[in-house]
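With the hints as constraints, model all of the structure from the sequences given.
There are 2 protein chains.
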Amino acid sequence: MLTRIDHIGIACFDLEATVEFYRTTYGFEVHHSEVNEEQGVREAMLRVNGTDDGGATWLQLLEPVRDDSPVAKWLAKNGEGVHHIAFGTADVDGEAEAIRDKGVRVLYDQPRRGSMGSRITFLHPKDCHGVLTELVTSAPTETSAEPEAH
Amino acid sequence: MLTRIDHIGIACFDLEATVEFYRTTYGFEVHHSEVNEEQGVREAMLRVNGTDDGGATWLQLLEPVRDDSPVAKWLAKNGEGVHHIAFGTADVDGEAEAIRDKGVRVLYDQPRRGSMGSRITFLHPKDCHGVLTELVTSAPTETSAEPEAH
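Those sequence lines, one after another, are chains A and B. Heads up: the first sequence runs through residues 1 to 150, numbered per UniProt numbering. Heads up: the second sequence runs through residues 1 to 150, numbered per UniProt numbering.
Hints listed in this document are in silico derivations from the structure and should not be mistaken for laboratory results. Heads up, a few of these hints could be off.
All copies of an identical chain are treated as equivalent in the list; a pair is satisfied when it fits inside any one copy or across any two copies.
[To be verified] Here are the computed lysine-lysine pairs in the DSSO-like style, where the Cα-Cα straight-line distance is at most 27 Å:
no., residue 1, residue 2
1, K126, K102
2, K102, K77
3, K126, K73
4, K77, K126
Model, not experiment: these values are computed from the prediction.
Structure, rendered in structure tokens:
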């Protein structure tokens, strides 16, 4: 079962400038930052709200760290904007298998590492009416993380 | 203050087919459907989760009802995909004014009617790192609506 919108992934050319835009315009603060070498991105996670499954919904700002990363190629084609949406689930393995059985292409054989120790996979956008769709199971300690003190 | 991701707006060519995709693939059901003549769209609202501000997060599936609507033009250029993201607030008027004062273009002079009796406005995507961004204040009775029985 998919129990929340976990995050909206937004691709940008300049992570610091985009973080600053979201901070000054809306008041959202960075809860967590990391580099995901496998995905070829630097990312900042901004927590927007808690959800009734005990998790939270985030904005995930993404800047490519190498020109051959999927996000770099996407930015070169589309410019800045919403790159993907992610649904949270307690069971990314089971959901991915069930969705694959329905004929939707799942991009990874096994879930990979996502933000904050989560496990993630992606569904092919051409099978999802144009929406690159991620499934994510949070690391237990991060599920309902409150913002850091500032 | 923006207190939740209210919805993700997804543009599609065939509303019924897209609703069916979200139902059969993920189990999301339509809570509400309407035509917004001013926006030139037919829409279906799929409730994903409740939020800790007493509201909810939705998928808003949008099909244009006329060729000159903004969503029709967007689809002709981009194909199906994520059209906009929307932040929920108790005070769309005050938030729009504060954001305009920061130099971000707000597309309407006054908020207009959105889904389920809400009041909405949009921020110019070129001022928001490529993201068409909506601000929405829900109608009081719809804020935390549970799914319809099926």
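I'd like to know which numbered hints this structure contradicts. Please list them from smallest to largest.
2
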